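Undergrad: Add chain S to chain G, keeping to what the hints say.
Read top to bottom, the protein sequences are chains G and S. Per numbering that gives the first Met the number 0, the first sequence starts with residue 0, numbered consecutively. Per numbering that gives the first Met the number 0, the second sequence starts with residue 0, numbered consecutively.
Careful: at least some of the hints might be erroneous.
To be verified - To give an idea of the chain G side of the interface with chain S (calculated C-beta under 10 Å), a few residues:
{"id": "1", "residue": "R53"}
{"id": "2", "residue": "E55"}
{"id": "3", "residue": "A59"}
{"id": "4", "residue": "D67"}
{"id": "5", "residue": "L70"}
{"id": "6", "residue": "D73"}
{"id": "7", "residue": "L84"}
{"id": "8", "residue": "F91"}
{"id": "9", "residue": "A117"}
{"id": "10", "residue": "A125"}
Hint data in this document are derived by calculation from the structure and do not stem from the laboratory. Note that this is a predicted model, so its numbers are computed, not measured. Backbone N, C-alpha and C fix where the C-beta goes; we use that ideal spot for every residue, glycine too.
So the chains spell out like this:
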Amino acid sequence: MAVEVLDEAGVRRALTRIAHEVVERNGGGSDVRFVGIHTNGVPLARRIAEAVCRIEGVEAPPQVGAIDITLYRDDAGRLGATARLEPTDIPFDLTNRKVVLVDDVLYTGRTIRAALDALIDFGRPAAVQLAVLVDRGHRELPIRADYVGKNVPTSRSQKVRVELSEFGQTDAVRIEEAGDGSR
Amino acid sequence: MALGSRHLLGLENVSATDIAVLLDTAESLVEVSRREVKKLPTLRGKTVVNLFVENSTRTRTSFEIAAKRLSADAVNISTSASSMTKGETLEDTARNLAAMAPDCIVVRHPASGAARFLAGVVDCSIINAGDGSHEHPTQALLDLLTIRQRMNPPGGGGGRDWKDLVVTIVGDILHSRVARSNLYGLRTLGAKIRLCGPPTLLPEEFRSFGAELYYDVGEAVKGADVIMMLRIQHERQMGNFFPSLNEYSRYYCLTADVVAKASPDVIILHPGPLNRGIEIASEVADGPYSVIMSQVANGVALRMAVLYQLIVPGADGIRGSEVSRTAVTAADTRAQAEGGDEVRTALRPAAPR
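Same shape as in the complex, but just chain G (with noise of 0.2 Å):
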């Protein structure tokens, strides 16, 4: 049994208020860059970095960069190297610049952990900000959202299932009992 905890308009209403915020808070847009993590956090970087281009009356296509965590994780042994690796892309210099790292759901911190690696291997930001679509609690390193679409409460024994137009779906976030989904 899924119940729907976002709908097509819920995902875009969230993510225009994280654009709000990221505005409001940096002082406009232009020295932010938006990296999202592979597979969902890259599209969701790209519709807030198009949202903050539309909120500062912009032009420019906005520069999203990509990255894939697996070679970071700490699990790595243990999921087994199954999972293909996307390719990591960061078209900038993060040198100096505010980076907003971009999930679609925030549990354990572990994946934030392993893209904080990974983000500081390319260079030093000034700052790192992290926004996620969901917060579904459940932390096991101390780690926190500054941008959150929405606070979910779960058992760990839930999945949050997040699907993307991007990706053939229609936008949707629904939280599923363990044993009828796959992810």
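TA: Positioned in the frame of chain G, the structure of chain S alone reads:
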């Protein structure tokens, strides 16, 4: 480990799927060499031994850099500095190394089958870095990666299929492990293969690979998309196979005139070291069609991909059906059938000889 085996002994029985996994992984790792910090933490705490019982600069350095970029500890052993000069056998050397619990041994050896032999003796991953005139799988894989990059340029239009590709391999086919590994890999992927060389170095048996044989280099490269030149190993006794180096180069040297007969966007590969003026003219080696330096750069990424796919554990036997016949020892097959590391450990005392 996501491959059908925990060793890479050759490409003879590696499936097209596994080749694609390795090339895709390597493609994602090419970018690491362009970073400011060229290091990933992935293989932290793992040990890779490079056991080179035959000279090599490129391959050994490439493996060492690849291991280090993944944060593995790399130990190099070369013949001149090893106990093998004191008469120790390969098996004893390997057993002693294995007792120090490395995660992977990369082996180069003048005897064909040395890597496969070691895989049966020790309990860690074995990567064949060239065994006699048998196979040199990582060289072939990096050649395939280089070819694939040119077939499907990033951001460019429609990619080409391996089946539409004509690949000509020229030189000492008989003794070349690079040629043999490439033959297996290209055959698996479905490319059209032409082989060219003096009849003494290109026996009729090679037709059984599904290749066309040519004795005239001009004919062999006509319309070819890829030309792969092999090194004439003149330091080994080649005197019986052709009258003189001069004569060889007159008939088989890749000159600009020969290249002109190939496809207009041909690429030229050479595994190195180059014999300039013998099998390849300098104007060609340094010319616009040469991708020799891309091969070397890709070598590091490809070897990182192989180390990563073989050493990172956890998915043993996920594709048991694709486990290759020769690339796997009996112990492997049993461990995979019964599922996992405990079994492998249990089998250790009775490792097959």
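Undergrad: Would you mind marking each hint as holding or not holding in the structure?
TA: The hints, checked one at a time:
1. R53: violated (27 Å)
2. E55: Result: violated, 28 Å to nearest chain S Cβ.
3. A59: Check failed: Cβ of A59 of chain G comes no nearer than 20 Å to chain S, outside 10 Å.
4. D67: holds (7 Å)
5. L70: holds (4 Å)
6. D73: Where the cut-off is 10 Å and the nearest Cβ of chain S is about 9 Å from D73 of chain G, the hint holds.
7. L84: holds (4 Å)
8. F91: At about 13 Å, which exceeds the 10 Å cut-off, the nearest Cβ of chain S leaves the hint on F91 of chain G violated.
9. A117: holds (8 Å)
10. A125: violated (16 Å)
When each numbered hint is compared with the structure, violations occur for hints 1, 2, 3, 8, 10.
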